[in-house]
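Could you put the whole structure together from the sequences, leaning on the hints where they help?
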Amino acid sequence: MKRLQKIFDKIGEHFKEGGKYSRWYPLYEATESFFFSPDTKTSGKCHIRDVADFKRVMIFVVIALLPVTIFAIYNTGLQTNLLINEYNIIPDGFRWDVLKWFHVSFDSSIVSNFAVGLAYFLPLYAVTMVVGSFWEVLFAVVRKHEISEGFLVTSLLYPLILPPNVPLWEASVALSLGLVLGKELFGGTGMNVVNPALISRAILFFSYPASMTGDRVWTGIDAVSVATPLTLASSNNIISEHYRWMDAFLGFIPGSMGETSTLLCIVGALILVVSNVASWRIMVSAVIGLIFTSTLFNLIGSQTNYMFNLPFYWHLVLGGFAFGVAFMATDPVSAAYTDRGRWIYGFLIGSLTVLVRVVNPAYPEGTMLAIIFANIVAPTIDYFVIKSVIKRRNKVAA
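For the sequence shown, the numbering used here assigns the number 88 to the initial residue and increments by one for each residue that follows.
Hints are computed from structural coordinates only; laboratory data are not their basis.
A quick note: this is a predicted structure, and the numbers were derived from the prediction, not measured.
Keep in mind that a hint or two might mislead.
[Stated by the list, open to error] Label-pair restraints from in silico Cβ distances: (1) Arg427 to Leu264: 32 to 42 Å; (2) Asp179 to Leu264: 28 to 38 Å; (3) Ser362 to Pro254: 32 to 42 Å; (4) Ile157 to Asp194: 13 to 23 Å; (5) Val229 to Tyr400: 44 to 54 Å; (6) Ile463 to Val224: 26 to 36 Å; (7) Asn447 to Pro254: 18 to 28 Å; (8) Ser475 to His329: 45 to 55 Å; (9) Ile150 to Asp194: 31 to 41 Å; (10) Met333 to Ile157: 16 to 26 Å; (11) Ser362 to Ile197: 28 to 38 Å.
[Said to hold, decoys possible] Below, a list of computed lysine to any residue pairs in the SDA-like style, where the Cα atoms sit at most 20 Å apart: (12) Lys187 to Leu205; (13) Lys187 to Asn175; (14) Lys187 to Ala202; (15) Lys231 to Met278; (16) Lys478 to Pro466; (17) Lys187 to Ser199.
Beta carbons are placed, not taken as given, at the ideal position from N, Cα and C, and that holds for glycine.
Have a look at this one:
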């Protein structure tokens, strides 16, 4: 490593101010920071809360996402292999030709499931990294600031919240718009109003609904239609005849690649809470809000809208609720930052998730819209919380 450090020190002079390649200093700094901790020192007085700098925070989030990512790859391959065996078809396309070249058999074995899952995940992840890195580098060079590690998390979150069959060019267009309009125009990492990965998914959903809705986008095979559990729940109230609750909890169901396993989302949430990266108050209050609102709709009941009768324990394990609450609602930049505000913010997300699912059964997944709306009103929530605290303290002082 000392030899590598000497190489960086030698070429670094050309990238610093006044050097031949000074314009590209953000690229050099990002590459060096990937291998070594920055050697810059703070001069003068400063306040230190803890040793968890931004780079370490991002690493903790990536670690928390790893179990979900590994299972997402496996389950995507499993769901595809099950359908290939059931319908006795092998789709055409480049990724399938590649698997044939490597003599991969579609037999639902562990190796086959991972191979097929990687055939879907890797191209989407690669496109995400290329497109996202382009915009990060472009704005860093233009603004002459460092390249943030924040995109490492966005680049992993974004593929996990998409269906396996989404066209790569559509995903790249939506990501470009989401990063530019949702983050860079506000000043970059730390200045975004909403979660960049989530707003990119929202743009993709409303711009290309055919690629994000219906019964074909979740299977990985264009010729086969399979309804997600939430779609079944919105059309009839006997979801248990098609899926077991435990399968939904463990994640062995069709859906967006990383959102199916509630168990592994809980594992990731615990990692984030123990490492003080995410707020447990947001997670707990979101669950409370979901249980309260779904129970309220159960008491009201409906003979025409089956979502009114869906119990809370199904809401908890279906769709992207667990994933969204664990990894996206707790984004420290776009979430509420006061303790009381976090309780209100989380409760709002849980309640709105059920409200969208029930009131609009044509769009049974409400977590995305719930988090985006909560992101927008989070500053307002904190404003009134702080105002109430100041008012109470003034009364005590008087």
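Original post:
Which of the listed hints are not met by the structure?
Top reply: Hint check: nothing fails, all pass.
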